[in-house]
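**Q** Residues per chain, in single letters:
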Amino acid sequence: MKKLTIENNSENLSKIAEFIEGFCKEYGLENKTVFELNLVLDELFTNIVNYAYLDSDVHTIEIFTEAINDEIIIKIIDDGKEFNPLHMEDVNINASIDDRNIGGLGIHLVKRLTDKLSYERLDNKNILTIIKKILANGDKNENCDL
Amino acid sequence: MKIATCKKGNYTEFKLNGRLDSNTSSMLEKELTGIIEQGNKYIIINLEELNYINSSGLRVFLAAAKLLDTMGEKLKICCVKDYIKEVFEIAGFLSIFDIQNSMEENIK
Numbered sequence: 352m353k354k355l356t357i358e359n360n361s362e363n364l365s366k367i368a369e370f371i372e373g374f375c376k377e378y379g380l381e382n383k384t385v386f387e388l389n390l391v392l393d394e395l396f397t398n399i400v401n402y403a404y405l406d407s408d409v410h411t412i413e414i415f416t417e418a419i420n421d422e423i424i425i426k427i428i429d430d431g432k433e434f435n436p437l438h439m440e441d442v443n444i445n446a447s448i449d450d451r452n453i454g455g456l457g458i459h460l461v462k463r464l465t466d467k468l469s470y471e472r473l474d475n476k477n478i479l480t481i482i483k484k485i486l487a488n489g490d491k492n493e494n495c496d497l
Numbered sequence: 099m100k101i102a103t104c105k106k107g108n109y110t111e112f113k114l115n116g117r118l119d120s121n122t123s124s125m126l127e128k129e130l131t132g133i134i135e136q137g138n139k140y141i142i143i144n145l146e147e148l149n150y151i152n153s154s155g156l157r158v159f160l161a162a163a164k165l166l167d168t169m170g171e172k173l174k175i176c177c178v179k180d181y182i183k184e185v186f187e188i189a190g191f192l193s194i195f196d197i198q199n200s201m202e203e204n205i206k
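Residue numbers (my numbering), protein chains in the order written: chain X, 352 to 497; chain Z, 99 to 206.
In short, the hints are calculated from the structure, not lab data.
Any given hint could be a false lead.
[As the list claims (entries may be wrong)] Label-pair distances were calculated between CB atoms; the ranges are:
id	chain 1	residue 1	chain 2	residue 2	range
1	X	Asp406	Z	Ser124	21 to 27 Å
2	Z	Leu192	X	Lys353	33 to 39 Å
3	Z	Ala102	X	Lys484	34 to 40 Å
4	X	Asn475	Z	Lys183	26 to 32 Å
5	Z	Asn121	X	Asn445	28 to 34 Å
6	Z	Ala102	X	Lys476	27 to 33 Å
Glycine included, each C-beta is placed from N, C-alpha and C at the ideal position.
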């Protein structure tokens, strides 16, 4: 299991990207998976930084990653206010352009790009566990320099 | 992210290069809405060199498409990498934008 500990500052996004790339390289995961994991963690981390804290103090966010069999398991732990992304209303992606809301897309992407999400509130902390299945090594995707 | 703008006939092309994320989306939003509010309703966004997008980038495209919709036009987007097109699909944007494979198809 690997661990990244970072502060709640949006500039730390690049540290998350580096961490995920290192993890994916170690397990030989394809570029599409690297992109999708980066996007999922970007959305969740940005949400925490923007909405979780009512004060302007420095807080610590922990990210754990591991790969077991054909699954990637990522845990994100923050000490912000209680927030269960699974309770967010689903975005209606079939709405006409007039009725499309600008918000809510981030969590929608997280739900769709992962295979399982679970949430618990423990000791005043949010613990979100993400499971993503590893794709069989088939067609190589386009390169994406993240 | 780099944004290059150029006029091609009636169209204004925005060529994006790099990452469209929370740190760069407001820059694009400013430029896009500025051009549209000047009355330019034929807009093409060229994503050939775009490597990354997140929800704040998607929101900028949706806001621009909504603005153009009031002028009776669709936002045209071309040359999208497959993994970014998949994000558009998940977000339900394929029916909202006019997505083309190449620049030529777009300005016909």
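**Q** It remains to establish, for every hint, whether it holds in the given structure.
**A** Here's how the hints hold up against the structure:
Look at aspartate 406/X against serine 124/Z: about 25 Å separates their beta carbons, and that is inside 21 to 27 Å. At roughly 36 Å, the beta-carbon separation of leucine 192/Z and lysine 353/X lies within the given 33 to 39 Å, and the hint holds. Take alanine 102/Z and lysine 484/X: their Cβ atoms lie about 38 Å apart, and the range 34 to 40 Å holds. A hinted range of 26 to 32 Å for the beta carbons of asparagine 475/X and lysine 183/Z is inconsistent with their spacing of about 41 Å.
Here the CB-CB span from asparagine 121/Z to asparagine 445/X is close to 31 Å, well matched to the stated 28 to 34 Å. As the Cβ distance of alanine 102/Z to lysine 476/X is approximately 45 Å, the hint placing it in 27 to 33 Å is violated.
Of the numbered hints given earlier, the model fails hints 4, 6; all others are met.
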